[in-house]
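Chemist: Given next are the chains, with one letter for each unit.
2 protein chains.
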Amino acid sequence: MNRDHTCGQLRKEDVNKRVRLAGWVAKRRNLGSIVFIDLRDRYGITQITFDEAHSDEVKDIRNEYVIEVEGIVKLKENPNTKLATGEIEVLADKCTVLSESKTTPLIIADETDALEDVRLKYRYLDIRRNPIKEKLLLRDKVTTIVRNTLHAKDFVEVETPILCKSTPEGARDYLVPSRLYNGRFYALPQSPQIYKQLLMIGGMDRYFQIARCFRDEDLRADRQPEFTQIDIEMSFADEDDIQGVVEEVMRNIFKEVKNIDNLEFKKIKYVDAMDDYGSDKPDLRFENKLVDIGDIFKDTEFKIFKDVLDNNGVIKGVSFNHLFSRKDIDKLTEFVKIYKAKALAYLKLENGTLSGSLNNALSDSEKEALRQRFDLKDGDTLFIVGDQKKIAQSALGALRSKLGNELGLINKDEYAFAWITDFPMYEYSEEEGRYVAAHHPFTSPKLEDLDKMLTDKANCYSRAYDLVLNGYELLSGSVRIHNQQLQAKVFEALEITPEKAKERFGFFLEAFEYGAPPHCGVGIGLERLIMILSDTDNIKDVVAFPKTASAMDLMAQAPSLVDQDQLDFLGLEIKKKD
Amino acid sequence: MNRDHTCGQLRKEDVNKRVRLAGWVAKRRNLGSIVFIDLRDRYGITQITFDEAHSDEVKDIRNEYVIEVEGIVKLKENPNTKLATGEIEVLADKCTVLSESKTTPLIIADETDALEDVRLKYRYLDIRRNPIKEKLLLRDKVTTIVRNTLHAKDFVEVETPILCKSTPEGARDYLVPSRLYNGRFYALPQSPQIYKQLLMIGGMDRYFQIARCFRDEDLRADRQPEFTQIDIEMSFADEDDIQGVVEEVMRNIFKEVKNIDNLEFKKIKYVDAMDDYGSDKPDLRFENKLVDIGDIFKDTEFKIFKDVLDNNGVIKGVSFNHLFSRKDIDKLTEFVKIYKAKALAYLKLENGTLSGSLNNALSDSEKEALRQRFDLKDGDTLFIVGDQKKIAQSALGALRSKLGNELGLINKDEYAFAWITDFPMYEYSEEEGRYVAAHHPFTSPKLEDLDKMLTDKANCYSRAYDLVLNGYELLSGSVRIHNQQLQAKVFEALEITPEKAKERFGFFLEAFEYGAPPHCGVGIGLERLIMILSDTDNIKDVVAFPKTASAMDLMAQAPSLVDQDQLDFLGLEIKKKD
Chain S
11 MNRDHTCGQL RKEDVNKRVR LAGWVAKRRN LGSIVFIDLR DRYGITQITF
61 DEAHSDEVKD IRNEYVIEVE GIVKLKENPN TKLATGEIEV LADKCTVLSE
111 SKTTPLIIAD ETDALEDVRL KYRYLDIRRN PIKEKLLLRD KVTTIVRNTL
161 HAKDFVEVET PILCKSTPEG ARDYLVPSRL YNGRFYALPQ SPQIYKQLLM
211 IGGMDRYFQI ARCFRDEDLR ADRQPEFTQI DIEMSFADED DIQGVVEEVM
261 RNIFKEVKNI DNLEFKKIKY VDAMDDYGSD KPDLRFENKL VDIGDIFKDT
311 EFKIFKDVLD NNGVIKGVSF NHLFSRKDID KLTEFVKIYK AKALAYLKLE
361 NGTLSGSLNN ALSDSEKEAL RQRFDLKDGD TLFIVGDQKK IAQSALGALR
411 SKLGNELGLI NKDEYAFAWI TDFPMYEYSE EEGRYVAAHH PFTSPKLEDL
461 DKMLTDKANC YSRAYDLVLN GYELLSGSVR IHNQQLQAKV FEALEITPEK
511 AKERFGFFLE AFEYGAPPHC GVGIGLERLI MILSDTDNIK DVVAFPKTAS
561 AMDLMAQAPS LVDQDQLDFL GLEIKKKD
Chain E
11 MNRDHTCGQL RKEDVNKRVR LAGWVAKRRN LGSIVFIDLR DRYGITQITF
61 DEAHSDEVKD IRNEYVIEVE GIVKLKENPN TKLATGEIEV LADKCTVLSE
111 SKTTPLIIAD ETDALEDVRL KYRYLDIRRN PIKEKLLLRD KVTTIVRNTL
161 HAKDFVEVET PILCKSTPEG ARDYLVPSRL YNGRFYALPQ SPQIYKQLLM
211 IGGMDRYFQI ARCFRDEDLR ADRQPEFTQI DIEMSFADED DIQGVVEEVM
261 RNIFKEVKNI DNLEFKKIKY VDAMDDYGSD KPDLRFENKL VDIGDIFKDT
311 EFKIFKDVLD NNGVIKGVSF NHLFSRKDID KLTEFVKIYK AKALAYLKLE
361 NGTLSGSLNN ALSDSEKEAL RQRFDLKDGD TLFIVGDQKK IAQSALGALR
411 SKLGNELGLI NKDEYAFAWI TDFPMYEYSE EEGRYVAAHH PFTSPKLEDL
461 DKMLTDKANC YSRAYDLVLN GYELLSGSVR IHNQQLQAKV FEALEITPEK
511 AKERFGFFLE AFEYGAPPHC GVGIGLERLI MILSDTDNIK DVVAFPKTAS
561 AMDLMAQAPS LVDQDQLDFL GLEIKKKD
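Heads up: the sequence lines are chains S and E, in that order.
With our numbering as the guide, the letters of the first sequence map in order to residues 11 to 588.
With our numbering as the guide, the letters of the second sequence map in order to residues 11 to 588.
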């Protein structure tokens with residue numbers, strides 16, 4: 011060992027000990043003939059002092075050199091309260107350079123103005139920075155808590171394959187050409203879904219895996235081509251059981267990481283979430299619910315609202331305790347258009363007087379009804395959208411979310427969890443001209459909807475559930491179908507013929523013929539969880555070696571060209587794409 | 011939950027409780043109008059008894075049906091001592107079929123005569139069998155011990171990428187075509203070697219990962235295309251430090267899994283291992299060392315041995331306390347030919363009299379010298395090979411290993427560890443006509459060999475080390491080069507030009523210019539470790555969903571053909587291979 015203590019370890023009690031430390035030079039200052047060096051390692055920073063007798067030994071040492079020093083621990087006259095080791099310094103009498111460093115292309119400090127491309131290219135330097143290092147340590151801490159919690163509940167971690175079979179459902183697969191079977195391919199798994207269900211059929215009872223997953227999608231800012239899922243599945247269990255397990259996992263994480271021990275988990279049905287918040291991942295840290303006000307206008311003479319109601323639309327409103335300027339309102343009107351809302355009507359109550367786009371259009375009794383319904387007070391603004399239900403919901407939901415953030419209605423230290431349940435079983439795909447599975451085709455329908463499965467698809471609900479946290483979807487999961495007859499019925503509803511089902515899911519369906527237990531599970535997005543816990547919006551911050559939005563590893567320069575004989579071995583030819 | 015107890019849980023103390031169990035029907039027996047069902051889950055088997063009043067409910071239930079039963083725990087008149095639950099039975103009064111089963115293509119029992127192909131195709135049924143299930147549970151247990159041990163020593167688990175850059179060194183890479191960059195490829199990692207060294211340069215100090223690795227090789231029986239490595243790397247540390255960490259990991263594993271707490275770790279230099287055991291992974295559970303006997307024959311008149319010595323060959327022997335038949339000797343002679351030995355000479359001592367192929371060829375004093383050197387006793391056979399050193403070593407080493415097994419010299423309950431150290435730095439590649447790296451080009455040479463690096467490559471040794479256990483290589487590792495000048499010198503010795511080095515390892519080498527700490531590490535083969543712990547030679551037994559020797563997943567039927575548009579997206583064309 012080049013050290014007998016780390017750079018984060020020494021305290022007042024160690025004074026007069028002779029110690030050996032090793033680390034990186036974070037900073038050097040000369041004070042006359044004395045040299046001070048801040049020596050850094052993963053554990054902290056310790057000040058090393060070289061007096062006249064030894065300062066010559068360090069005259070060539072620069073930032074990010076790796077050195078080993080020996081010396082005596084001394085009490086500091088002026089403690090540095092910012093450092094855990096700030097009460098002491100090491101008076102060095104020996105210094106060995108272990109490794110030199112050129113000037114780094116980014117400064118190793120908590121704050122950096124380096125461009126993201128530079129940080130990614132020199133990721134090993136970026137990792138030396140506390141904000142990145144801490145997130146990687148947090149990631150390890152969280153997965154450890156997950157493992158401990160699940161192991162204590164008899165879950166077994168099982169590694170499922172990375173070289174899998176391609177299935178044409180869902181997102182695009184990453185393919186891996188086979189060398190031994192010319193023209194055939196493995197696929198990297200989008201999730202271990204099929205394997206974990208097979209483990210349940212195999213009697214493993216309770217499975218989990220911190221599992222690597224892959225999707226060859228055009229990446230959004232918060233996506234990576236490879237990502238990690240806390241994947242859980244359990245047998246002989248239902249929604250309450252698996253949700254209880256997840257809640258315990260979350261309680262333990264938030265207790266250990268945030269010292270919060272009073273987490274609450276609401277349950278909200280999908281239709282209620284859409285009605286009240288215009289979103290299936292509502293941020294529950296503030297109220298400002300959407301309210302249906304169609305009843306107020308059932309006999310209205312205001313033509314626009316009348317037309318909406320006559321066309322089976324809805325009228326919904328949401329109020330905020332803020333007076334918006336004309337300019338604000340114009341911007342918000344543009345904003346709701348993103349969600350296809352045709353207009354954003356509003357009323358303001360200022361000094362006891364109503365104003366706004368609706369003020370002249372509505373009758374006094376309508377306005378009075380609105381004042382009462384929303385309990386409008388001085389300084390409030392009420393926004394109203396009349397439109398098709400989905401549009402009114404999503405437009406006002408997005409508006410609610412935006413204003414909740416901008417008006418500071420959110421307590422950043424609050425973690426508001428909710429289970430969203432009873433999702434629609436099917437959703438109509440305009441593209442395919444048929445109903446498709448809203449979750450995946452192995453999701454169980456609600457048992458009370460069984461007789462509507464083929465006749466009233468729009469009103470069938472499933473046993474799928476999401477856990478949402480502060481406006482993010484943290485996981486989704488479902489109770490699975492374990493019964494072949496029910497599975498056949500769902501395929502029928504999805505217009506998947508038995509032949510097609512067999513072709514696509516053959517071996518998986520066959521497994522259900524040999525005794526499948528009732529089972530259910532979830533997949534928790536690990537990166538998302540770490541992002542929330544470490545309060546960052548940038549997924550790259552929580553991945554050790556991330557890729558860019560175009561799936562490029564800027565450090566290793568992958569993907570890269572390969573030798574022709576590698577292609578020949580695989581029997582592949584590159585074809586120019588259009 | 012379909013149960014309030016598992017099938018492995020109920021004991022005498024639970025008698026008279028009303029319980030609900032769920033599981034698979036492992037066996038049913040009818041005794042008159044009474045039906046006994048052995049109900050199985052992951053945790054065990056419980057006998058369920060249906061008396062006259064209820065046996066009708068289970069008349070259609072067959073093996074591997076999944077059922078839920080309710081009833082009262084009763085004391086068994088004749089306890090079944092083979093079962094943990096054998097003191098009780100559950101007198102059932104309610105039974106629900108959760109899932110039916112066809113007759114399974116393999117019997118769910120500890121012993122099976124099913125063909126391996128059938129077991130792999132129906133892997134989810136194979137997993138229901140105790141021997142497979144137990145190995146998967148063991149695997150989880152071992153990785154948990156590894157994680158706990160390493161976490162306690164400040165190691166951090168970091169996930170490194172699966173979508174990496176292809177490097178033309180070493181085994182063949184699995185490639186992943188990029189959709190966004192036509193003609194470019196990712197490669198699946200053969201190990202996280204480069205990333206973990208970058209984490210050291212990034213200051214992570216102590217890293218580990220239970221890491222998935224991939225090699226597109228023609229598979230031997232004990233290989234899988236994807237496998238798992240316990241990957242460890244530490245900074246500011248040397249051989250003793252990392253070996254100490256690994257020893258603690260092994261002690262904890264063998265304590266918890268085997269209840270063994272007196273593991274010893276020998277250290278043997280590579281040259282000594284080759285001299286004494288003819289192998290760099292010697293089985294140390296028995297003696298029978300190889301002995302060099304060239305000195306006995308330095309003035310011999312036996313022409314064959316004389317020629318060997320005149321041609322710089324060696325003469326080595328190994329003795330066993332067993333008298334081999336003529337037929338045995340013929341077979342062993344064929345066996346050593348595999349290792350290129352031209353002949354296998356021998357002497358037997360039976361009733362005080364020597365016999366064997368060498369008896370007439372050698373002088374009396376030579377024979378007496380051999381008797382003394384090997385302390386030959388009645389019933390001993392001495393085998394001698396005179397040949398080039400490498401051939402004599404490997405032929406007799408293989409013979410020693412074979413006979414150690416066949417003669418029952420091995421205590422199956424013993425676990426004999428040894429560190430093999432001081433490996434050659436280079437090995438001469440006939441194929442390439444140059445010295446290549448024996449480990450990998452980032453391995454540090456022994457410091458005392460620095461001045462021989464370019465002039466005497468055959469006698470340069472490295473700071474690489476293997477841990478061997480009972481004749482298997484459990485891990486290999488090395489102290490890495492952290493100094494650019496030394497790395498340049500090693501490349502020079504390997505005849506890799508600076509330009510070529512930059513082209514192959516560019517970004518990695520650049521990282522060493524920004525302050526690399528001294529570091530070292532290991533990669534432990536997890537499957538091998540679990541195989542040894544569970545006493546199986548079949549790697550497929552310790553993998554949840556294994557592939558065949560031709561890298562085929564017989565269950566999922568991967569690799570498979572993919573849709574043309576998937577290929578079009580990737581800009582790939584299949585070319586017939588010769």
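In case anyone wonders, no lab produced these hints; they're calculated from the structure.
One should not assume that every hint holds.
For chains that are exact copies, the list does not tell them apart, and a pair is met inside one copy or across any two.
[Stated by the list, open to error] Only pairs whose alpha carbons sit at most 20 angstroms apart, straight line, appear in this in silico DMTMM-like list of lysine to aspartate or glutamate:
| hint | residue 1 | residue 2 |
| --- | --- | --- |
| 1 | Lys268 | Asp228 |
| 2 | Lys27 | Glu537 |
| 3 | Lys585 | Asp575 |
| 4 | Lys422 | Asp547 |
| 5 | Lys313 | Glu509 |
| 6 | Lys586 | Asp573 |
| 7 | Lys308 | Glu266 |
| 8 | Lys112 | Glu520 |
| 9 | Lys37 | Asp432 |
| 10 | Lys350 | Asp423 |
| 11 | Lys145 | Asp123 |
| 12 | Lys276 | Asp551 |
Chemist: Work down the list of hints and note, for each, if the structure agrees.
Modeler: For each hint, the structure was consulted:
{"no.": "1", "hint": "Lys268 - Asp228", "in the structure": "neither (34 angstroms within a copy, 50 angstroms between copies)"}
{"no.": "2", "hint": "Lys27 - Glu537", "in the structure": "neither (43 angstroms within a copy, 45 angstroms between copies)"}
{"no.": "3", "hint": "Lys585 - Asp575", "in the structure": "both (16 angstroms within a copy, 13 angstroms between copies)"}
{"no.": "4", "hint": "Lys422 - Asp547", "in the structure": "within (14 angstroms within a copy, 55 angstroms between copies)"}
{"no.": "5", "hint": "Lys313 - Glu509", "in the structure": "neither (53 angstroms within a copy, 77 angstroms between copies)"}
{"no.": "6", "hint": "Lys586 - Asp573", "in the structure": "both (17 angstroms within a copy, 18 angstroms between copies)"}
{"no.": "7", "hint": "Lys308 - Glu266", "in the structure": "neither (53 angstroms within a copy, 73 angstroms between copies)"}
{"no.": "8", "hint": "Lys112 - Glu520", "in the structure": "between (61 angstroms within a copy, 10 angstroms between copies)"}
{"no.": "9", "hint": "Lys37 - Asp432", "in the structure": "neither (57 angstroms within a copy, 39 angstroms between copies)"}
{"no.": "10", "hint": "Lys350 - Asp423", "in the structure": "neither (33 angstroms within a copy, 73 angstroms between copies)"}
{"no.": "11", "hint": "Lys145 - Asp123", "in the structure": "within (19 angstroms within a copy, 51 angstroms between copies)"}
{"no.": "12", "hint": "Lys276 - Asp551", "in the structure": "neither (30 angstroms within a copy, 44 angstroms between copies)"}
The structure fails to meet hints 1, 2, 5, 7, 9, 10 and 12 from the earlier list, while all remaining hints are met.
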